[in-house]
Each structure stands twice: as structure tokens, then as C-alpha cells.
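Protein chains in written order, with our numbering: chain A, 1 to 143; chain B, 1 to 143; chain C, 1 to 143; chain D, 1 to 143.
If you are wondering where the hints come from, they were derived from the structure by calculation, not from laboratory data.
It cannot be assumed that every hint is accurate.
Identical copies carry no separate label here, and so any pair may be met within one copy or between two of them.
[Said to hold, decoys possible] 25 Å max Cα-Cα, derived BS3-like pairs, lysine-lysine:
id	residue 1	residue 2
1	K124	K72
2	K78	K117
3	K19	K78
4	K117	K72
5	K117	K19
6	K14	K80
There are 4 protein chains.
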Amino acid sequence: MSITDQELDLLRTKAIDAKDFAYCPYSNFRVGACFLSTDGTYYSGANVENACYPVGTCAERCALAGAVASCKRPQIPKFKALAVATDISPPASPCGMCRQFINEFCGSTLPIYMYDKDNQYVMKTLGDLLPMSFGPQDLLPPR
Amino acid sequence: MSITDQELDLLRTKAIDAKDFAYCPYSNFRVGACFLSTDGTYYSGANVENACYPVGTCAERCALAGAVASCKRPQIPKFKALAVATDISPPASPCGMCRQFINEFCGSTLPIYMYDKDNQYVMKTLGDLLPMSFGPQDLLPPR
Amino acid sequence: MSITDQELDLLRTKAIDAKDFAYCPYSNFRVGACFLSTDGTYYSGANVENACYPVGTCAERCALAGAVASCKRPQIPKFKALAVATDISPPASPCGMCRQFINEFCGSTLPIYMYDKDNQYVMKTLGDLLPMSFGPQDLLPPR
Amino acid sequence: MSITDQELDLLRTKAIDAKDFAYCPYSNFRVGACFLSTDGTYYSGANVENACYPVGTCAERCALAGAVASCKRPQIPKFKALAVATDISPPASPCGMCRQFINEFCGSTLPIYMYDKDNQYVMKTLGDLLPMSFGPQDLLPPR
Ligand SMILES: [Zn+2]
Ligand SMILES: [Zn+2]
Ligand SMILES: [Zn+2]
Ligand SMILES: [Zn+2]
């Protein structure tokens, strides 16, 4: 299910706008993210840091946790695309922890649009960024 | 700034309802959480697990990251109360990681209402649950 | 099982020495930690940061993961004391995430010695620092 | 700097043996890991879980944090290879969070040997598993 030009325009705008909502007094590294679900909803997020660095969260996980927790079980949301925006060039890619978090809910064909400081993007799929992933299929069946 | 009976009713309902939005196929341990900000907004969240267990997030951090990332910088949101709901009795308390995450944004007097499987609560403040906390004041001034 | 003066001397020295092994280019906040097991072994650790801040680990978890992973199952190690050393005064306390990690293996009476920049300590027990903890007893029996 | 057959034999044995040191009552998914440094030292680790799932650590990070915290600053250890062992087939790969943690200290050519339940391996480099990584070079210079 591919993303339209109009959807990508809006997804880009929302990811870039989300940088203004980052709480990052320790790194000063603002990240905005936005997921588009297959039912047409946009879920934004930003990085939220902590004085104890490992306790903070990235923008991608902030957005996706919010999206998943907006969907009543047993349904699981599906996503068409992710956009991530930072203030550097070339654009930052999602960290490995976020790639892993995304992998729980998105297939390897999910397009990830990474926007640089000039709002230009590089696109890679989740499969490109997390090949040979560890995922639910590797576990024994959950209880 | 204290919470009214009406606000607490709504906060409880939202935290309990949020359990239905938990993604927890590995633990089968549903958690719902809701923060009430001082401007009267409610921010719900649920736990979102991952096949690689350390990569998942708790309900409290899901809700609070969403709340913080809904507020444009340089403003920082303020909160009046947190409710957490689980399916056990006595009620579960927030894990230490969540207490730490909350500590970045909430004072020691924040009331935390913990609801058990019968929707009865125990209330403790953040200061009760994370005494002698490590926080922003312990770091050298950020850049 | 209480710690002797001689053991505490060595535990202090090891925690303070461990600060020199911290990898903390992002925070410049060195932390050293050392656990003493009931069989008399000392396990040191230091904080190990990551460019993606949430991915790093604290000194206390570094030390304790190493200690637990040095003990063959089904045995579970037991601990007599923890010392943590930082370069500030008053001394830093373990973050909430570490308190939670420690809670899995140590009882509420575990003494935690926190050393400041002048090698003076404040002692609190785990129960003091993580009251009303969430722990294994709160979960359904694991598979 | 390539690994010899003899070194790989020992690395495999140590990773497989480390599975017996896993603390994983919640997942029952044992993981052992071992890093070989360029100076010939082997650093083993195992997964150490927590009742609050996100607070636990994986085997790879347990081993590598221990290795890094065994090296006095300003030196940074260098590594020749990593082996990871699990009880499934095909073998599990490191999760994204661990790939990110490893990326801080190892180059893209690091060989990662993944052993399955029958002690057969698949080898991929870090660059294979974490292409287009986010790393220290993406941050503003640390303070
Ligand atoms: Zn991330
Ligand atoms: Zn938590
Ligand atoms: Zn910590
Ligand atoms: Zn991992």
C-alpha cells in the first residue's frame, strides 16, 4: 500500500514540525518523527531525554508507542510510512533500538524517509536498515 | 494544585480504559496509565512490548513521552496527577525506570494513583516512590 | 549478613577506582560501581554511553549484569553491599532504572554506599531508595 | 585483523557455554555472547532479565559493557569478533539495540558469528546488520 505525494508532503511537514517539540537539554539534538497508518492517521513524536541518559526515549519510539496505544486490542495498527527529521546533513537514521521497536509492527517494506537540515530526504526501507532482524517469529509462542 | 473529585474520576476511568490498548503478548501483563496536566489535558498510554524484551516501553513512559512531545518548546508541561491501572491486587506500582522518567517532569508531590484489579487505589507521591532521586540538578549544566 | 570494615574499605576503593573506566564522552559524568557478593567476590562496573543516549548503560547495571552472568544457573548470586562513586557532592544516587534492576536480585536491606567527590559516603538501603517496588512477585508465574 | 581458527573455536565455546549463565525466567530464551578483543582477551556475557521487561539487558550488551569497563580510559578497547549463541535454528541475530551498542566500539567489518541450537553458525558483519548506522559522527562534538 503505497504513499501518495500528498500524504508524503503532510508526513514530511509533521515530522519536521515535531522537532520543535523535542525535549533534549542534554544532547541538543532535536528529532521529530511521524508515522502514517494505513487508515490515514498521522502519529507524531519527538525525543524526550532524561538526566539519566539511558532512561530517555527517541522520537520514533515516542511516536510509535503512541500510535500502538491508540489502537484497541485485539487490533494491531498497520503503517504505510515513517518520516524522521533532524538538524544534520546527511540526515540521521533511526538508531538500532528504534529499528527494533519498529520491527515489531512494520514489515520490511516500510519506507523510512529521513529528512536532513535542509528538508531533503533519503529513503530506505525497514528491511534495508534492519536486515536479518530478530523478531516475534524467533520466540517460543507467547503464553 | 490539587486534583478535584471529578478530575480523579475521569483520570481513573482513562487509566483503566487504557489497559485495553496494551500490546503485551509476551508478559500478558496489561498496564494503562493517564497523566493529567495542569491545563486540564489527559494523556493516556499503555505498555508496548517487543520480542526483544528490553526494547519495549511501559505505559507510564508511553503516556508521558506523548504528553511532553505534545508541548512546544521552550514550554515544559506541568502535571497534577498520574493514574496507573493493572489487573493485580494489591495494585502494581510504576517500575523504577518509569519513576525516573517521571522525575524529569514532575515534582516530588505529584500524586500517583495505583488502581488494582477491582479499581481500588493506593496513592503515593513521586517523592514517596523515588526518594533521594537522581535528576537534572545532579548534572553539570547542559550545553 | 553484614559487611566488615575491611570489606567496606575494599568495596569503596573498587567503586572509586572504577570511575577511571567509565566511557562517558557525552555526559562527562563518570560513575563507578562495585557489588560485593555473599561469597566474597567483588564485581566492578562503570557507565558505558552511546551516541544514541537511551542505548547506553549505567555503572550499577554494568556491574550487576556482569555479576549475575558470572554465576551458573540454577544458582542466583546473593549480594551483601553495593558502592557507587561519582564526582559530585552530595553523592549521586542510583537512577530509578538501576534501582529496578538491582531489585531483581537484592533484598530491601541491601546497603548502598554512595561516595561523593571527596570519597565521603551516604548510605541508604535498597528499600529506602525503591519503596513499594514492582518485582517478580507482581507477575504471573513465569513459564 | 582477522580471527584464527583456534580463536574462533574458543570464541564459539565461550559463547555457547555462556548460555548456562543466562537469567531469563520470563522469556526462557537463553542467550550467550562473547567478544574477542584485539589483545586476545575474551569477554563473555548472558542475558539478564527483569520483572519489568524493558529494564533487563541482552547478552551482547552485558558482555560488551563488561569489556569496555575493563579498559582504563583514555584507552578504548578494540575487538576482532563477536559470537552469539541461542537455542533456536536458524540462529538468532543480535537485536537492534545491541547492534547500536556494538556500533559505538566496533567497525562495520566486525564479524558476528551467530550459533544455532546445533552449534552451527551464520556470519554477518556489523555493517551487514546495521547499515547506515547512527553513531558518534552524527552528534555535535561532545563537551
Ligand atoms: Zn532511537
Ligand atoms: Zn515502567
Ligand atoms: Zn542507572
Ligand atoms: Zn539485544
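Hint by hint, here is what the structure shows:
1. K124 to K72: neither (30 Å within a copy, 29 Å between copies)
2. K78 to K117: Neither: 29 Å inside a chain and 30 Å across chains, both beyond 25 Å.
3. K19 to K78: Both. Shortest intra-copy (24 Å) and inter-copy (20 Å) distances satisfy the 25 Å Cα cut-off.
4. K117 to K72: So K117 and K72 pass the 25 Å test across copies only (19 Å; inside, 36 Å).
5. K117 to K19: within (11 Å within a copy, 37 Å between copies)
6. K14 to K80: within (15 Å within a copy, 29 Å between copies)
The structure fails to meet hints 1 and 2 from the earlier list, while all remaining hints are met.
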